[in-house]
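Asker: In case you want the letters, here they are:
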Amino acid sequence: MTIKYKSVKEFKEMISQKEISNKEIIQEVFNLIDDNKGLNAFITLNEENSIKKAEYFDNNPSELSLAGIPIAQKDLFCTKGLRTTCASNILNNFVPPYTATVIENLENAGCISVGKTNMDEFAMGSSNETSFFGNVHNPWGENLVPGGSSGGAAAAVAAGIVPAASGTDTGGSIRQPASLCGITGIKPTYGRISRWGMIAFASSLDQAGPMARTAEDCAILLNEMCSHDEKDTTSLDETVPNFQENLNKPLKGKKIGIVKDLDLSNLDNDVVEVFENSLKEFQSLGADLVDISLPNLALSVPTYYVVAPAECSSNLSRFDGVKFGRRSEHTKDLEELYVNTRSEGFGDEVKRRILIGSYVLSAGYYDAYYKKAQQVRRLIKNDFENAFSNVDVIMTPTTRGPAFEIGSKGNDPIQMYLEDLFTISANLAGLPALSLPNGFIDNKPIGLQIIGNFLDESSILNFAHMYQSETNWHMHTPEGIK
Amino acid sequence: MDKKTVTTISYLSRLKIDDEKEEKIIEDLDNIIKFVDQLNIIDTSDVAPLTNPLEKTAKTRKDIVTAKNLKKDLLEVAPSSNDDYFLVPRVVE
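Just so you know, the sequences run in chain order A and B. With this note's numbering applied, the first sequence covers 1 to 482. With this note's numbering applied, the second sequence covers 1 to 93.
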């Protein structure tokens with residue numbers, strides 16, 4: 001009995017039918033992690049505690065929805081007693097005294113957190129190349145990036161090591177790696193999931209979400225991850241629906257918005273062809289295509305690269321070597337302690353974003369950049385509100401192309417920023433959005449993005465599940481994984 | 001974006017920029033700022049800034065102390081502390 005490439009749903013069946021013990025599952029997960037060390041998907045493992053929890057479930061079979069399911073947690077979520085680095089040198093030795101609410105929710109539902117996944121440092125990156133712990137390799141090709149920032153999570157799921165992983169998405173950090181690694185991932189509506197214990201990058205954009213093989217698995221996880229949390233005042237006090245309920249609803253008569261302002265002409269023909277084939281599939285499922293306009297969409301990347309660095313520079317001021325994390329050893333006075341700790345602890349991309357943030361927030365530039373970006377942000381949100389008065393979901397490609405080679409965009413930050421061209425607008429507007437595999441280009445997977453209306457994750461998951469019921473792109477597995 | 005501006009914002013950010021990286025950083029920041037200058041093509045004079053996509057007033061709770069005293073746990077993860085305080089280099093001579 002192998003667990004490789006099994007879905008959460010299949011794990012649940014295997015466990016309830018006693019085809020495999022909980023302990024055997026966990027042992028096999030750690031064997032797979034060991035066999036695939038070369039992927040560099042994990043930063044810290046949680047083997048001893050995982051085996052203990054598995055043994056507990058073997059002795060006390062449980063009806064909890066995720067009982068015994070191995071899940072990899074992004075190393076951006078605080079986990080009590082388990083090192084949490086955010087892939088940064090500055091948190092290299094940080095062992096949090098508390099656990100993030102979303103991880104607590106998953107663990108209370110029975111999941112076993114097997115380890116902490118590699119990522120771009122502080123979630124700032126789209127290729128996993130900014131991690132202090134080295135690049136994650138895409139299971140679909142050793143020299144390919146897995147995307148980012150949730151690159152370790154995407155690689156671990158794509159390699160079949162775990163059926164699911166937690167991720168976070170500030171500008172595309174769940175959807176873009178999901179696309180590049182051929183898995184499914186959803187960023188829910190801003191506020192659906194508590195951000196308490198999630199190490200903050202850009203607080204008005206950050207949102208956690210599940211990454212898995214199928215939309216159905218994402219629904220199962222999302223049911224457990226969402227909650228109102230008094231400890232996060234931006235977490236929504238709204239009823240959380242059962243996200244599995246509408247998965248099989250017929251799509252007949254549903255409307256898919258196609259963004260006519262989106263210029264696909266500078267994308268590869270292959271990318272456009274894969275996208276258009278998916279639309280045909282949805283039409284054959286009974287959905288209609290409707291042209292919509294998002295006139296300010298082209299401004300979403302520049303808007304993001306003001307708002308996100310501004311919030312980042314403010315959030316990351318807490319890393320000063322005084323209260324937690326790593327402190328520089330070269331400190332003759334307090335000022336030097338701050339400067340040297342931060343200069344030694346942060347990598348180049350994080351520093352770049354802090355500097356941009358300090359610039360756009362500084363006196364004389366605040367109105368020209370920060371306020372301006374927030375005004376454009378409202379226009380982008382208004383565009384979506386108008387569009388959703390007439391459609392159920394909006395579809396775009398998730399990325400401009402499949403996974404690229406490690407190092408190929410290294411020297412030009414803007415080229416890397418444009419990697420999130422299609423994903424960023426959903427974060428600016430706070431909308432839920434999902435990526436699922438919808439084809440291959442040169443044997444590399446690529447994804448389709450489905451954006452939903454505010455709080456309407458159910459529609460996205462419905463579209464995604466119906467698509468996955470008719471296609472098998474999500475079932476493909478990479479060669480060369482041990 | 002010039003050397004003087006970068007010196008100011010790196011001071012505000014409490015970051016030291018290595019001499020050999022300075023030129024590249026100035027160039028990168030300059031390109032990023034030019035890139036975000038695109039925002040000026042659109043008139044936003046009557047648009048209210050959007051600070052948060054929810055635009056909801058934060059929910060309040062009853063004013064009852066719920067926080068536990070985590071002093072020991074928090075001091076334990078500090079780079080330097082004694083029984084009661086975080087320790088830093090002497091500030092007052």
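Take the hints with a grain of salt, since some may be wrong.
[Said to hold, decoys possible] EDC-like, lysine to aspartate or glutamate: derived pairs with alpha carbons at most 16 angstroms apart: (1) A/Lys9 / A/Glu245; (2) B/Lys59 / A/Asp237; (3) B/Lys34 / A/Asp412.
Don't read these hints as lab results, they were simulated from the structure.
Asker: Determine for every hint whether it applies to the structure shown.
Answerer: Hint check results:
| no. | hint | result |
| --- | --- | --- |
| 1 | A/Lys9 / A/Glu245 | holds (15 angstroms) |
| 2 | B/Lys59 / A/Asp237 | holds (8 angstroms) |
| 3 | B/Lys34 / A/Asp412 | holds (14 angstroms) |
When held up to the earlier numbered hints, the structure conflicts with none and fits them all.
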